[in-house]
Amino acid sequence: GNSVTQMEGPVTLSEEAFLTINCTYTATGYPSLFWYVQYPGEGLQLLLKATKADDKGSNKGFEATYRKETTSFHLEKGSVQVSDSAVYFCALSDNSGGSNYKLTFGKGTLLTVNP
Amino acid sequence: NAGVTQTPKFQVLKTGQSMTLQCAQDMNHNSMYWYRQDPGMGLRLIYYSASEGTTDKGEVPNGYNVSRLNKREFSLRLESAAPSQTSVYFCASSVRFDQPQHFGDGTRLSIL
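Quick mapping for you: the protein sequence lines, in order, are chains A and B. All residue numbers for the first sequence refer to the numbering used here, where the first residue is 1 and numbers rise by one. All residue numbers for the second sequence refer to the numbering used here, where the first residue is 1 and numbers rise by one.
By construction, these hints were calculated from the structure, which means they are not laboratory data. None of these values were measured; they are calculated from a predicted model. Be a bit skeptical, because a hint or two may be false.
What follows is a list of derived Cβ distance ranges for each label pair [what the hints assert, rightly or not]: (1) B/Pro-83 <-> A/Gly-61: 38 to 44 Å; (2) B/Pro-8 <-> A/Glu-76: 37 to 43 Å; (3) B/Gln-17 <-> A/Lys-52: 46 to 52 Å; (4) B/Arg-44 <-> A/Thr-20: 22 to 28 Å; (5) A/Ser-83 <-> B/Asn-62: 35 to 41 Å; (6) A/Pro-10 <-> B/Gln-22: 30 to 36 Å.
Just so it is clear, CB atoms sit at the ideal spot from N, CA and C, and this is done for glycine as well.
In isolation and in its complexed conformation, chain A is listed as follows (with noise of 0.2 Å):
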């Protein structure tokens, strides 16, 4: 079956640091990837998103490269700020087969970036 594995936090980072939150994935199709950020007492919002190879979606100032080779979706960000402090979840949306429901999300990585 389809799982996604993310980098175990929690994450603290300073202003300004540089941020890598690692995602790998198996799937049996040809998934779409999303990394989606959760800010306290919130839903889910969606970040950025690559539906095929090599694709690199980005958004705020994040960005994240579809490797299928390394069947890997890693989040960077080259200056966090306060703001960003949330959880963030890999996702993937499996296209195979007609399963129209398959999101799977990894288990979240809480950040806090200090001031």
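Given chain A, work out where chain B should sit, using these hints.
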């Protein structure tokens, strides 16, 4: 823009009580989903509705039922609540499977 609206936001139940969580979306999406979020477990799919008139089980359906009332609304029912169902419940919707899901703000449910 309302997006996905969940009610109630908080609820405390006693073991054995029943409850229905409501979800409505105003984006004309075809698919709707119910998840539960527990510490260290990420999000787990309870039930989903691919389109109006259809519902299917997800990873953790035991103890729950759902109703897709119309295209906008998808409710989750706990018939006899148990402490193991204490969780944060999220409703989501999407145009179709390969499009991003839009989430509500969640219902925080405690069962004593």
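Status of the hints after comparison with the structure:
1. B/Pro-83 <-> A/Gly-61: 38 to 44 Å: Once the Cβ atoms are compared, 42 Å apart, the range 38 to 44 Å for A/Gly-61 and B/Pro-83 holds.
2. B/Pro-8 <-> A/Glu-76: 37 to 43 Å: 38 Å, holds
3. B/Gln-17 <-> A/Lys-52: 46 to 52 Å: 48 Å, holds
4. B/Arg-44 <-> A/Thr-20: 22 to 28 Å: Taking Cβ atoms as reference, B/Arg-44 and A/Thr-20 lie about 26 Å apart, which means the hint holds.
5. A/Ser-83 <-> B/Asn-62: 35 to 41 Å: The hint (35 to 41 Å, Cβ to Cβ) holds, given that A/Ser-83 and B/Asn-62 are roughly 39 Å apart.
6. A/Pro-10 <-> B/Gln-22: 30 to 36 Å: At roughly 33 Å between Cβ atoms, B/Gln-22 and A/Pro-10 fall inside 30 to 36 Å, so the hint holds.
Checked against the numbered hints given earlier, this structure breaks none of them.
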